[in-house]
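A.B. asks: Listed here are the chains, written in short residue letters.
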Amino acid sequence: MSTAATRGHVEITNVRKSFGGTEVLKGVSLTVPPGGVAVIVGPSGSGKSTLLRTINHLEKADGGYITIDGQLVGYQVRGNKLHELREKDILKQRTDIGMVFQNFNLFPHLTALENVTEAPVVALHRNKAEARKRALELLDRVGLKDRADAYPRQLSGGQQQRVAIARALALDPKILLFDEPTSALDPELVNEVLDVIRELATSGTTLIIVTHEMGFARDVADTVVFMDDGQIVEQGSPQEIFANPREPRTRSFFSKVIEPAFNI
Amino acid sequence: MSSAATTVAQSAQQSAPEPAPASAAAESPTAAAAQSAAAPDAVARPAADYSDYKLVPARHPWRWVGTVLVALGVVAVAWSLATNPRWEWGVVAKWFTAQSVVNGLLETLKLTAISGALGFILGFILALMRLSASPLLLSVSWTFSWIFRSTPLLVQMLLWYNLGYLYEKISLGIPFTDIRFFEVQTTTLISQFAAAVLGLTLNQAAYSAEIIRGGILSVDQGQLEAAAALGIPAWRRSTRIVLPQAMRAILPTAFNEIIGLVKGTSIVYVLAYSELFYTVQVIYNRTQQVLPLLLVATLWYVAITSVLSVFQYYIERHYSKGAVRNLPLTPLQKARKFFATHAAVNFDRVNLDRAKDIR
Ligand SMILES: Nc1ncnc2c1ncn2[C@@H]1O[C@H](COP(=O)(O)OP(=O)(O)O)[C@@H](O)[C@H]1O
Ligand SMILES: [Mg+2]
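Here the protein sequences line up with chains A and B, keeping their order.
First residue of the first sequence? That's 1 in the numbering used here, and the numbers climb one at a time after it.
First residue of the second sequence? That's 265 in the numbering used here, and the numbers climb one at a time after it.
Derived by calculation from the structure, the hints in this document are not laboratory data.
Be careful, since some hints might not be right.
[To be verified] Listed next, the stretches of chain A that the computed footprint assigns to chain B, with coverage defined by at least 3 CB atoms under 8 Å from CB atoms of chain B:
(1) 99-112
(2) 119-126
(3) 202-208
(4) 224-234
Each residue gets a CB set at the ideal place from its N, CA and C atoms; glycine is no exception.
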């Protein structure tokens, strides 16, 4: 959506992943340009979370590779082999890739502010006062400046997820991954989180979002990706995908998740 | 409505000497409330304004009956302890702070502190080994716990003390060569103290390892994942993210272990090591005042345990930060609140307001 973005070009090439005997990702390829917003939809168990987790190497792909701005994720080329990076270098790569989880995964024993400052201080070695100042700005941006000293359990689900977004932003990532950020929320809290993500969509950060909120997907996405059974079945602009899905599987999925009143 | 009206009537009567609160319906609230109590089904009257009425907490008469009964029991036991001459309280008092007993006490504290600290440090390492992906580390840790948990502590103790019989010399060098960096007689290295610390530490480590492992397992996997996704290094993930959360599960059992260890140190009497219990035994063998001297040791153990329990309370409270929505009051704060509220009921409104502030 943003025009000026120059970083955060994600290239996923033929990624495969199996758990035990079952292949969960069956050769997935996807390109998201700098500042682009890709929304991944699809039935439960289709491999959406696994794909997101391979992007920051929380899950190691069995085949294929992922590059961010041309740099391989989790590996380096030596001769004609790909060597897995050491933990230290992987951690460094991850600071470019923020992730927001379905269950927030805030650190419950740290205040909202401490949650946000932890990574910049220990992973990017930023100075504490500076990190704190930036964290307060971010909490302000997600509308929670006055709750900086609250512990996660003292916050509502929507507030917790907004703190989690601030925490991911604190590393100034090139890319933000959202794995069903509103699925654990009560319906009336969904919008406060989606509004924050909407604002991010125009900020030039590349976003890859897994969600079941179809209305939101239509508003915010540059590309909608439909996944089923470990494969990308179809992708295109929201208009193409929602109004004229080509594949029968896509059509049948939308007929289940989109209520009749929904129109493009 | 009728029971509410009755309550209001009571409180209104109690507050009779005070200036009457403003009321829209009646010239005096006492009269109005009493009237409604007498005729609860009276025709509807305009809604009364209770905003200036005093609150009276519910009474719990059975709680007081129970309290009195238990108090009587406690008094009876205390009375019998105090008046039965066979307890020989004079002897207890004489030995309680005797130099030899105090020295024994210090030895007990020293053994507990050293083997407790070393035991938990080693236990932490064993727990991490047990959770590691390396099959070797995992099995070494498992075997360690298996051996030390299946051998009686008494046997371990005597084995360490008699290590000199099994191995005359202990040396550090390169295996399978004649190169030795140092070499000592085992008996000079393994004193009573060393045998005691070694035995208690290794045994303690085997148990603490399981406690710490249990605590670590109780922390949600998502926490580690989130920390890894944020690029937080492994050591920091353990110490800053996982361990503080694991502490909530670890602490109650860990304090159980430490309190057990305080009394468990008495087992080193088999090494003729003069800690508290051994000292007391030596004394009563000489003076034949068995019961009073056992009482001396017991009272000291009770004292140590009590102090530890207070520590436990506050440490647990510290680690419950963020785990509970609001920290519960400490006993001290509770007591203050109790006296403030209960005093307020019988006195004036100023006290009640003060009680609210404390809350
Ligand atoms: N760590 C794992 N071990 C075994 N199976 C897994 C694991 N993670 C995911 N799976 C399986 O992979 C499939 C895809 O899961 P997931 O990526 O979570 O799907 P989605 O997010 O689209 O619902 C599911 O069948 C799931 O059971
Ligand atoms: Mg998922």
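A.B. asks: Count the residues of the region 224-234 of chain A with a beta-carbon closer than 8 Å to any beta-carbon of chain B: does the count reach three?
C.D. replies: violated (count 0)
A.B. asks: Is the coverage entry for the region 99-112 of chain A by chain B consistent with the three-residue Cβ rule at 8 Å?
C.D. replies: holds (count 10)
A.B. asks: Please verify the coverage claim for the region 119-126 of chain A: does it have three or more residues whose C-beta sits within 8 Å of some C-beta in chain B?
C.D. replies: holds (count 4)
A.B. asks: Count the residues of the region 202-208 of chain A whose CB lies closer than 8 Å to any CB of chain B, then report whether that count reaches three.
C.D. replies: violated (count 0)
Hint compliance for this structure: hints 3 and 4 are not met, and every other hint is.
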